[in-house]
Amino acid sequence: MAAGDVSPDDGGILYALVARDTDVLAEYAALGVSGNFSQVTRVLLSRIDSQKQGPASYVLDGYYFHYLISKGVTCLCMADQSCQSPFDFLDDIKARFTSAYGSSANTAIAYAFNAEFSNVLRNRMEYFNKLNRSQTKISAVQSELNQARNVMVENIDRVLERGDRIELLVDKSERLDASALQFRKRATVLKRSMWWKNVKAVALMVFVILVVVYVILSIACGGPGLSQC
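For the sequence shown, this note's numbering assigns the number 232 to the last residue and increments by one with no breaks.
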């Protein structure tokens, strides 16, 4: 059995009822909501054990039927997926219905309280739907903030990764600077060594020239004493 044409666009809680067993004592459908959900809820009521306390939910065609049973009285609502607090609504309805009618619900005929309590259902439905829309907006903002935070964390991680690379580059540059310093030291030592070699070579060359000149003069001047010059 399908839930039929449902609306309105705002979503949230779309339909609610209070029943004893299969007898609906009061119900209300939001303005603009249409479909066979009323028949669907009757089928659900016929299959629910009204003596079993507590909350439960069914889903049909994307719509959720939540109900809460207390002392033989069933509070039921139909809502879409956007509804965040259906059982808060049902708890509120249960408390108001019990306060207004008490044990008289045990013997009341179908729709006995519809004239009065349908207005309560409407007012509380509007209140909780408004609250639900506010919570949805807050959740959307929170989701955007979480996404922004994730992006910030990701960006920060990327910056940190670049920082690590910078540190590595700095470390490498420091190593290059140390290598350059060692190279300069070696070059200085090599220059000094080459300079001394050049000095020794020049000194040796001068010495050889002087020896050659002396030998020539000795031959020309009559011997080592240069007596004829």
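Everything labelled a hint here was simulated from the structure, so no lab data went into it.
One or more hints might be untrue.
[Unchecked claim] No more than 35 Å apart at the CA atoms, straight line, and that leaves these computed lysine-lysine pairs for DSBU-like:
#1 Lys74 <-> Lys55
#2 Lys74 <-> Lys97
#3 Lys188 <-> Lys133
#4 Lys133 <-> Lys97
#5 Lys188 <-> Lys203
#6 Lys133 <-> Lys74
#7 Lys200 <-> Lys188
#8 Lys188 <-> Lys97
Exercise. Of the hints given before, which are not true for this structure?
Worked result: 3, 8
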